[in-house]
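Participant: Chain residues, written in single-letter form:
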Amino acid sequence: MNPLLSVQNLTKTFATSQGPLGGKEQRFRAVDNISFDLAAGETLGLVGESGCGKSTTGRLILRLLDADSGAVFFHGEDLVPMGKKALRPRRRQMQMIFQDPFSSLNPRCKIGDIVAEPLLIHGLATPATARGLVIELLATVGLNSDVLDRFPHEFSGGQRQRIGIARALALKPELIIADEPVSALDLSIQAQVINLLDDIQQQFGLTYLFISHDLSVVEHLCTRVAVMYLGRIVEIAPALELYRSPFHPYTEALLQAVPRPIPGRQHKRILLQGEIPSPLDPPPGCHFHPRCLYARPICRELSPVLSEHDPARFAACHFAGEFSRNHG
Amino acid sequence: MTSPLLTVSSLKTYFFTPRGLIKAIGGIDFTIAAGRTLALVGESGCGKSMTALSILRLVPEPGRIVDGKIFFADEDLLRLPTTEMRRIRGNQIGMIFQEPMTSLNPVFTVKRQIGEVLELHRGLHGLEQEEEAAALLHQVGIPDPRNRLASYPHQLSGGMRQRVMIAMALAGHPQLLIADEPTTALDVTIQAQILELLSELRRSRGMAMLLISHDLGVVAETADAVAIMYAGLIMEAADVEILFNDPRHPYTRGLLACIPRLGGERQRLVPIPGQVTDSMENSDGCPFASRCSEVMPQCRHHLPPLREVAPQHQVRCWKAL
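Residue numbers (my numbering), protein chains in the order written: chain R, 73 to 400; chain X, 2 to 322.
Looking at chain X on its own, in the form it has when it is part of the complex (with noise of 0.2 Å):
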């Protein structure tokens, strides 16, 4: 087997807050093969996007990686200077958000906004640059890219916006594609294709997709493996098939069994009790202990490891052992 595009290793991303420390990510490990689509999954709060943030080496103050190592094509992301940092960053990796309204420059038309990512990361000028700005939004579906690339991102609908910001992820030819809640912003039919596109790409690119959500429809349809996230940890990882058909743990059980599913009998939900304790509560148990519906007296003092329970399935709970 040849090494995984991206390989996370003991990752540890801490705030250094005035009210004390939070563990945002508590020492999580996971690996990305090329062209493979990952899907983190977790309730706000539970270090997913923080997970994106630093691999990309943007965590915001007063947060610092602590720890860990990330591996992008057998380079070391933490130990690499800024420059370099910057060339891997929309050239290697892309990167997509939420709110495609907040990450666009407002006052810059998209030609500027994209023509900006061609220059710096493939130093493409003029006639060239904008041939090919038109071409990438050509890819993305907007329709009449020649004079969409002088509107602005207040004329652009919700969807064409993140479209456009997909455009820019992709001016690099990244090998990997972290998408953060790429479809929450937007309406289900605009959602449809947006999916729709972005699976494309990845075929046709052969790219590789860190997918953050709390979506279940999304990532079932959307990802290869998953990994469940809770309280700064990786609970539950599996691949797609086997996360949903056969969940062990009781979190992603919780989960799968508190949302409503279109189709599916009328029956009362069952919620998971209590929310997500405070992470500044730090003990030394598991940090589902307090909702979890089958603790046992050592979950509220020893935290288990997260062990392969099958091929491809790793569990981080003392039942599933």
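Bound-form chain R, shown alone (with noise of 0.2 Å):
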């Protein structure tokens, strides 16, 4: 079957500002030569620590940023190329979650009129006909119709939230594209927001691609992990495998990293050393060799490609599994 979703070397670069003082330009690789498939109804998780290039993955798939180089097949057609034009019916079909419910919201806009842009913009809807959608819409994120004529201040950040999913639901779309959309939330109701998800997965059959630094949460919703460093992919799995016995030394310290709510629990913690090397001159060979535990000189030597070691397991590591582990 062919994937909903097919990324193929994916690349964007881009070039720091100059300085006041002009300084020199310099160009780093935001997403380097990324591929991945995402098939109809499934969630895959971006995970990745800030920088490493997956809320830019995102914006590319939608447009909303222009790759350098690179193909994004949705159902067969490549959207790269594509002008403005050819671009808007696609659009229809893929929608964005954001991150920061405060800031995604017109804040002179009323509720009823958010929700209902999208539909007009589209011609969904006429002005008339639009409010009984927009009530549906509410209705399915679980906000009655008395929202409509409220404007966004008047709302916390979880009925934010939930506005900005209703918006994203107008137009029927198969993909949805979430960038930590529950980040921002307070623990009682990021639950509420994670469950709706779940909810309106079922409901409408969505796809998701779902990008967030919270690894507790990605194991909770995907079905699908790819774990980011430093613009490429260093890891994809079923999220059951990724999480069981991850392939990547990276994703092992990731999850190693992860304080769990057990007090007194006596882990063996793999604290990795150093920080994410800066963009703009990442280390030669593997990205991560500088802060690996399982370095060897091959990798300072050598990229190591994203091949796979097992039935759906990918990993770019010249080890990848290879060194031993015990989880638990």
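Certain hints may be false.
Going by beta-carbon spacing under 8 Å, a handful of chain X positions derived as facing chain R [stated by the list, open to error]:
(1) L57
(2) V60
(3) E117
(4) E131
(5) L171
(6) E197
(7) S200
(8) L202
(9) S205
(10) G218
(11) E222
(12) V241
(13) E242
(14) C259
(15) R262
(16) I273
Covered stretches of chain R, going by a simulated chain X footprint (3 or more residues, C-beta under 8 Å) [said to hold, decoys possible]:
(17) 249-261
(18) 284-292
(19) 344-358
No lab work stands behind these hints, which were simulated from the structure alone. All residues carry an ideal CB built from backbone N, CA and C; glycine is no exception.
Reassemble the complex: the two chains are provided individually, in unrelated frames, and hints are given to aid placement.
Facilitator: This is the structure:
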């Protein structure tokens, strides 16, 4: 079966801005030759630490940013070379949910208008017929019709995120790219929104690309997980297997770094030394080698390619799965 | 038993806003013994950060501490003159905040900012000051500390900035460190490094810590005791093991049930229904009553007291008595 979305060798470079005193412009690769497929109905988690390129990847897929090279096939059509006009009907099928519910809703618009806007823009409703659809959408996300004439500032973070989700659902998209949708929410509200995302996926058969730094949330929601480091995918695998026995040393270190709500747990933690190197000057060979416990000479010289080590389990490591691990 | 390092009793901090009175802290009591770590846990607006600011007497306008006592090493901080309070802040009580970028001055070098603390609180100058500043950076794990002294905050990564903040907080040799969400803005691998650093420093210096956090994982791994706050009140307080293994308050149970756990069974999460009620709507009942799954008629009219249900375990709930 053809995947709904197929990302192939996608690359995006950014230039550092020139300072007021001139200074040399430098380019760096925010997204470095990444490829993955997304099947209809699945949830792929895209995880990694800040600056790894996960949000840029989401924006490239939606063409909110233009890629330098590579392809994004959606229903078998490459979106990258498409003009604005050709893109518009495809955009209807792909929607985004943002992290910050405080900055992603126009503070001067009423909730009813915010949710109706995509319907009007895409000609799916007239101002007269929109109201009924909006009420239905709001009900789907657990909000009453009495919110229609209120403004974003009157709502809490969790309610605003519900409004953002209602807006994303308005066009009946197939693919939703959710960029840290619950990170800004309080714990008790976070669980409500996670369950809502679960429910609407069932109800509308949605496919999710779920971008997050929170490994616990990703494990809960995702069927597959891709781990990014300095613009590259270092591992991609079914969630259950990736969490149980990671193939890439970075994945292993990430999982062990997550604090668990179990007091007194004596766990062996691999404490990663050092910090994420600057993307302006990434280390040669495997980007992770300066922090890797298992690095050998070859890692400094040769960049490992993402390859399949077990069925459906891809890792970019010269010694993927070889290092001995005792998880638990 | 020796008297605790910090004793907060019946602390009330109110905000007098044009819209009305907000009881940010509605009367809380807790103690921290020397060398121990207490975590204040709760969701945004529960009063946990305001508790820290109250202890430091840094409550912003239009807020005011209206009642209570805060004893630190047998001195009532609320009765000290401002000059004395300034000596204690940064000297005996150090503080670190969530966002190191906004707590460091962007136009001064690291050397100047740490130097200021060393000069004010320890009277160090010149070469001596520089030596001590470099030693502090070394202690918090900053590589090449001498060269780092000349850096400006924007030249440092988030993790390094937080290390500089910690170095500044340690400069006065504090007995108590107040850490308000110290790792929330950091990536998970850097968070692990900072938590490790904090616990090592606490061990080596015998320093007590008031940790403010919403992250139950961080709390479980860092704290000796935990107080759960909701709407300006402590709902449950216990040693960390007791709190996580035998939570008695419905809110604590709700919090523990609603977080996805790494490696856990993939079950549907059980959220706490509703949302935090506006603290402007003051009622006499339990503030959690409207969201509580075990609510009883009396909960809506009478606020339960925080009572000891077992040794080292206090709960504010009619059900738990």
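Participant: With reference to the structure, classify each hint as holding or not holding.
Facilitator: Results for each hint:
1. L57: violated (25 Å)
2. V60: violated (23 Å)
3. E117: violated (26 Å)
4. E131: violated (25 Å)
5. L171: violated (21 Å)
6. E197: holds (6 Å)
7. S200: This hint is violated: S200 (chain X) lies away from chain R, its Cβ roughly 12 Å from the closest one there, beyond 8 Å.
8. L202: Since chain R brings no Cβ nearer than about 15 Å to L202 (chain X), farther than 8 Å, the hint is violated.
9. S205: violated (17 Å)
10. G218: holds (3 Å)
11. E222: holds (5 Å)
12. V241: Holds - the Cβ of V241 (chain X) comes within 8 Å of chain R, reaching about 4 Å at its closest.
13. E242: Holds. Min distance 5 Å.
14. C259: Cβ of C259 (chain X) sits 4 Å from chain R, so the hint holds.
15. R262: Holds, because the Cβ-Cβ distance from R262 (chain X) to chain R comes to roughly 6 Å (cut-off 8 Å).
16. I273: Status holds, d = 4 Å.
17. 249-261: Holds: 4 residues of the region 249-261 of chain R have a Cβ under 8 Å from chain X.
18. 284-292: Check passed, 6 qualifying residues.
19. 344-358: Satisfied; 3 residues make the cut.
Of the hints listed earlier, those the structure fails to meet are numbers 1, 2, 3, 4, 5, 7, 8 and 9, in rising order.
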